[in-house]
Each structure stands twice: as structure tokens, then as C-alpha cells.
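Number of protein chains: 2
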Amino acid sequence: MSDEPRRLGESVDLDGDRVARLLLSRLAEPADTALAHAIATLGPSETVDQLRAGTLAHRGLVNLRARLAVASPDRDLAAGAAVDARFIIPGDAEWPEQVGDLSHADRGEAGAPLGLWLRGPGNLRDLCQRAVAVVGARASTAYGEYVAGELGIGLAERLWTVVSGGAYGIDGTAHRGALAGNGSTIAVLACGVDIAYPRGHTALIHEIAQTGLVISEWPPGCAPMRYRFLVRNRVIAALTAGTVVVEAQLRSGALSTANRARSLDRYVMAVPGPVTSTMSAGTNQLLRQPDVHCVTGVGDVVELVGAIGTDLAPQLALPSDPRDDLDETSRRVLDAVPVRRPAGPASIAVTAGIAPAYVLRALGGLAALGFVERVDAGWRLAKSW
Amino acid sequence: MSDEPRRLGESVDLDGDRVARLLLSRLAEPADTALAHAIATLGPSETVDQLRAGTLAHRGLVNLRARLAVASPDRDLAAGAAVDARFIIPGDAEWPEQVGDLSHADRGEAGAPLGLWLRGPGNLRDLCQRAVAVVGARASTAYGEYVAGELGIGLAERLWTVVSGGAYGIDGTAHRGALAGNGSTIAVLACGVDIAYPRGHTALIHEIAQTGLVISEWPPGCAPMRYRFLVRNRVIAALTAGTVVVEAQLRSGALSTANRARSLDRYVMAVPGPVTSTMSAGTNQLLRQPDVHCVTGVGDVVELVGAIGTDLAPQLALPSDPRDDLDETSRRVLDAVPVRRPAGPASIAVTAGIAPAYVLRALGGLAALGFVERVDAGWRLAKSW
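Top line first, the protein sequences correspond to chains A and B.
All letters in the first sequence, in the order written, are residues 1 to 385 by this note's numbering.
All letters in the second sequence, in the order written, are residues 1001 to 1385 by this note's numbering.
Calculated from the structure, these hints are not laboratory results.
Do not take every clue at face value.
What the hints assert, rightly or not - The following label-pair restraints were derived from C-beta to C-beta distances:
1. B:1265 <-> A:121: 48 to 58 Å
2. A:344 <-> B:1054: 25 to 35 Å
3. B:1226 <-> A:377: 19 to 29 Å
4. B:1374 <-> A:70: 22 to 32 Å
5. B:1159 <-> A:368: 16 to 26 Å
As the list claims (entries may be wrong) - Not the full set, but computed from the structure, chain B residues with beta-carbon under 7 Å of chain A:
6. 1141
7. 1197
8. 1226
9. 1229
10. 1230
11. 1287
12. 1288
13. 1296
14. 1335
15. 1339
As the list claims (entries may be wrong) - Chain A stretches covered by chain B per the calculated footprint, using a threshold of three residues with CB under 8 Å from any CB of chain B:
16. 201 to 209
17. 224 to 232
18. 264 to 274
19. 284 to 290
20. 330 to 336
The C-beta atom is built at its ideal place from N, Cα and C for all residues, glycine as well.
My request is simple: use the sequences and hints to build the entire structure.
What follows is the structure, encoded as C-alpha cells:
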């Protein structure tokens, strides 16, 4: 690497898609529709060539010159290498094909990323074979954090990858749960993979980079700007089979992830919460939409996103009631037997509305089962009952 | 009224449906399918005639003789009159036609009530023109009670009748809410209307009887037997446009009301709650069913059950963000303006990826709106922002 950053038009290596995508990802934001249109039409390399030649006259592309002046793919690669990050593009063995679904984004929305920067030992393509996004509010409550942590642990134990945004609150708790469950987790950042954001999650993001993957579509050094978070969310949605929103206010970035998941035909899931909690207002609102699935725990999640036969949720255990095994006559007789003062069969028959002959037979059976007991003055409920 | 209760076959007045239904409702439970079949085939009066003549040979009907021996419609009417209760039957002006939907019940389930005992100044038919059932767990939490109370008040304020079962917990809180909102509420009991059950709700049931209605299909004096509660729930479902389950365990009578509401083509609504609360396990489970509506407050309820145009829920107020009114260029420029140390337009242009000419124009607009301020060394965020 030279001491001076290289300038565009000076020494950019155009021997492949990779360098072109690297350069383009530095020049413009993913939501830059003018550039996206040029890339979709010309391909990355030809787009770079025409930008250099000044033959792309579209007004929007003129704005890129402010960044052209300082772009340097070599410097980006060196900055990535300094933190053991790699840059992958479509066609690479590790490229997750499903992000290609983003190519069909509506005009004005960001499409598929030009490439992805990855830090960590995980194989992105492999990890995303079984991946679920767990996202939610930064200002989460203890309730949401408990649920997110349990989901993270449970998904990890079932060998599902937890994908989230590395933020405070729900995101961080989901990541930590996955780590606690000895599972793989992927943090998708809205800044370069060399930047730990938020600062308070430096240790967490470091740990994720040591065990799973920290990824970003922005080159090293890019700052976490506000508009990048929403754009980033589409990658979280695209990488996963479904998105679980644990807690969210009515206006929440997590809801944008859910919306992108829906438009990508991924499952949208929400955890119900108290209607008295503003942090559950967004999730409860989601649950009012017909295609949003209510999930109460990891079992519900994997039942939905998992392969049939391998990931079914266990049946909820109902508290058992010994009366359930009684026939209707016995149940009615049992209801008619007094608690303390014993009653004779005739009195019980009147109360139950059942003929005395049937009542006597039922009382015998109920006594055998331990529900009632015969005392001098008649029948009464057994003490244990 | 004579001193001695009259005996069947002695002096029963058969001059109409009313006395026949009164007698039959004393003889058997609503779920007695043998009697229901006879009534459906023969009509109430003829059924009574044949019972007296002993020409109804069905085995199940033999069992009724235990109660025939003590039945007395006159005594029932007198007991009702003693607590100012009236007995209404289909065809009466106050009879709510919608309970007729219960006639189509599946075999083995209780059908339409033979008649209804009413206590209170309300007109049952009128009150049920706009009625919602609010039901739930007896062992409710503070959360559920808060929500049930708010629903009761809110429905009352919107002139909806709150129908419930008078039980401890959610039922009672919903009734109390309706009373607090100066609305009408109907308690549907699983015992005679002369019995206050549960005992701890004596004052509440008395107050409901003074202002709304306490109703039952069982004659005065009938005790609240266990099997009567589930049978009673079908009347709560049938009288109302929809049933809201506020809190419920996985095994809960409130869920039976919801199921009956569904089979009667009424709306089934559930209030979401913490997945960590067993008292919300039943409601959250309901929300996993596609035809169950998630309701977070009275607005959602009346939006669903109300007439279009009169009862629409107000739009949820989103916290407003002044940035929302900015165009995309201004937003990106604003994101690129540093917080403390001022930056020049050229530097901001590079960070924002926007040509300097556009940046200057955007900065001017942002300053006018109070987002940024010009200082000696350049531009920075305004202090208020």
C-alpha cells in the first residue's frame, strides 16, 4: 500500500467485479437510485469505467464527484485487512444467495448490497441456512430483554443462527442469548465492520466477531449515520427465514425490518406484550395485521420457520383435571355431592337430576376413584378432593 | 300461592308456552339432549303433556322423574317475584332474537335457552343491540384488571353494553368499569337470579340488578354447579356482537366463551399480554389463531364490532419527528453536520456524498428551520437540536 491514498482515475484496479463493487460502495449509498440504475444496466465494472470517463450524465451521478475525489479501494481493502475483514460479492462461495431477493426492491428503495464486509470465523452462507432475525427496541424493558435473551438461547440450542443489529436493548440481548447458548450470531452493522457501534457494545461486537460474524455493506471507516440503520435493516430481513420483533414502539426501526421481511416473503413474527407498555405498542399493533404471527417463545418461532418434522413446537401442556376422565353422569353426581354434611342417594339424585339407580352406581365408581366417601349419614366429598 | 308447593300432574297450568318452558327448565339441564330433542320435535307444551302422560319412553327422559316429583312452576314464579325477577320466552317483546342462533348448536351441546330470568331495569333486547362480552380469568393479575376496567369504562362511554359472568377477577372488573362509566352491564349467572354468586360479589350483583340486568336461564334457587358455568357461557357469547378475552390461562372457561362466539359467527377478540404470565397464556394462544382479533383497547374493540362510520378507532398518534418533513437531500446533509466542532460545506459535502452546491442550499434551509447554525468556523447542529 502506498503512503498516499490512491485517487480515482489514477491507479484503480479494474480487473474484476470485486474492485468495481468496492469502489461503488464507497461512492454512494445503497439507496442511491441513480447509481443503482446505472449498475443494473451496465454492470459494476462498466459503471465505474463510464463514471471515470464522465460519460454518465445523469444529474444524480454528478453528486458522486464529491466522494470520487477521496475514494480508494486499496485503502479500504487495507483497512479491512487490518481488522481481519473480508469483502465478498455475488458469485463468491460464501455469498448468501437470498440477499439477491433484494434486487427486486421497489424503485426508491435500496436493492441488493454491492458486496458485504465480513469479520469473524463464521461462514455467512452456511450460517444463514437456518437463521432468524430477532430485533426490537433499544430502550427495551426488562420484559423484552428477558424474552429476547430466551429466544437467543433457545434458537442457539436448536442450531439456528440469531441475526440482529448489534444495538442496545433487544438486539444486544438476543445476541448475548445466542452466545450464552453457544450458538452462532450475526451482527449486521450500519457502519464499517471496524467500528464498534454503539460504543457500549464494543466488547459484545468483539465477541461476536470472535465466534460468529460481524457484517456490513459499508466499507471500513464508514460512520453509523441515521439513514443507514433503516437501509441496513433490509439485509437483516433478507438474510433470515423470518423476523421476530420482541418489543417496539409505534415508531420503531424494528418495524421497518418487519416490513421488509414481509415484502421479501419472509415470516413476520411479533411477541405480544402488555397493552399498557409503550414498548409493546408496536408489536401489538403488528399482531393486528393478518399475516403477522404471534409467537410466545422459541417453540413457536421454530415451528413456523423450521422444516416440518424436525422443528415442531412441543404441545403446550394443559393442567390436567381428574374430572375430565369421568362420564357425564358421574360428573353431575359428583357436583351434587355435598362438601361437608353427607347426603343420601335420594337427595343427591334430586340435586343432580338423575334417577337414584344411576346415582348409586355412579357413587360407587366415584368412591373407587377416591372422589367421594361413604360415611354413616350418606355420601360426601373425599377429604383429598 | 298455596302453602304447599304444587306437584306435577296436580295443578300445572298448561295454558301456554311460558308455563311449559318454566317447568321444563326446572326439570332438566340445558345440555340434556334427550329433552332438547323432544322439545324441538313436539314443542314445549306437548312435551310437558307427554311427560305427564308417561308416553315419552326415551331412556334419558326416565331420569327426569327424580325432579318431576318436586317441580312447581308456581313456586318458581313466586320465588322470582320475591326478587322482582321476570321470566321471558321467545316471542316476548324483550326476548333477544340473537339467542336463537343457539338453536343450531351441534348435537350434544346446549341449544337455545328455554327462557330467561331477568332482574333489573334494563330492557334485554335493547341493551343487546350494542353489546360486547368482556370475560377472563378469575385469578386475574393487576394488569388484566386494569385492562378489563378500562374496557368496561370505555365501552360504557361509547354506549355499549358490557356482558360478563359476574365472577371474580376479569368479569367483575369489567362490570365495575361499566358501572363506573355510567353504562349498562349485564351479568349472566350460572345460578338462579336470586342467588348472588360468588358470595363476595353480593354487592356488585345487587348494584347490577339495580341499574342493568342480572339474568339466568336457571330458575330461582338453582345452585351454581360446575357444569353450569360452561353451559352459561354460550348465552354470553350469543347475546353479544363479540367476545373479548382479557386474561385467561390455557385451560379457562373464558376460552369456551370465545369458542362459542366463534361457532356463532361472533367476533373473537383477545388482549395480548406478557408471554411470561400464565394468565396471558390462553389469550396469547388465542392470538395464534387466524380468526382471533388482537385488541389493545376499547378503540380496537368498537372499531371491530361497531357500525362503520360511527365507531371507528381513532388513528394511533405517532410521536412526530421534525425530520420527517425534510426532503432526502436535507436529511442527509443534516446527518452529516457535526454536533460540536463546526465543519465547512466542503467537508459536509464529502460526508453526505452530495455536491457542495446542493449542500449549501440545504444548509440554508436547515438553518431557517432551526436544525443547524452557522458559526465562525462553519456549520454545526443547533443547540436545541
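Now for the hints, and whether the structure bears them out:
no.	hint	result
1	B:1265 <-> A:121: 48 to 58 Å	holds, 57 Å
2	A:344 <-> B:1054: 25 to 35 Å	holds, 26 Å
3	B:1226 <-> A:377: 19 to 29 Å	holds, 24 Å
4	B:1374 <-> A:70: 22 to 32 Å	holds, 25 Å
5	B:1159 <-> A:368: 16 to 26 Å	violated, 56 Å
6	1141	violated, 10 Å
7	1197	violated, 14 Å
8	1226	holds, 5 Å
9	1229	violated, 11 Å
10	1230	violated, 11 Å
11	1287	holds, 4 Å
12	1288	holds, 5 Å
13	1296	holds, 4 Å
14	1335	holds, 5 Å
15	1339	violated, 12 Å
16	201 to 209	violated (count 0)
17	224 to 232	holds (count 3)
18	264 to 274	holds (count 4)
19	284 to 290	holds (count 5)
20	330 to 336	holds (count 4)
Of the hints listed earlier, those the structure fails to meet are numbers 5, 6, 7, 9, 10, 15 and 16, in rising order.
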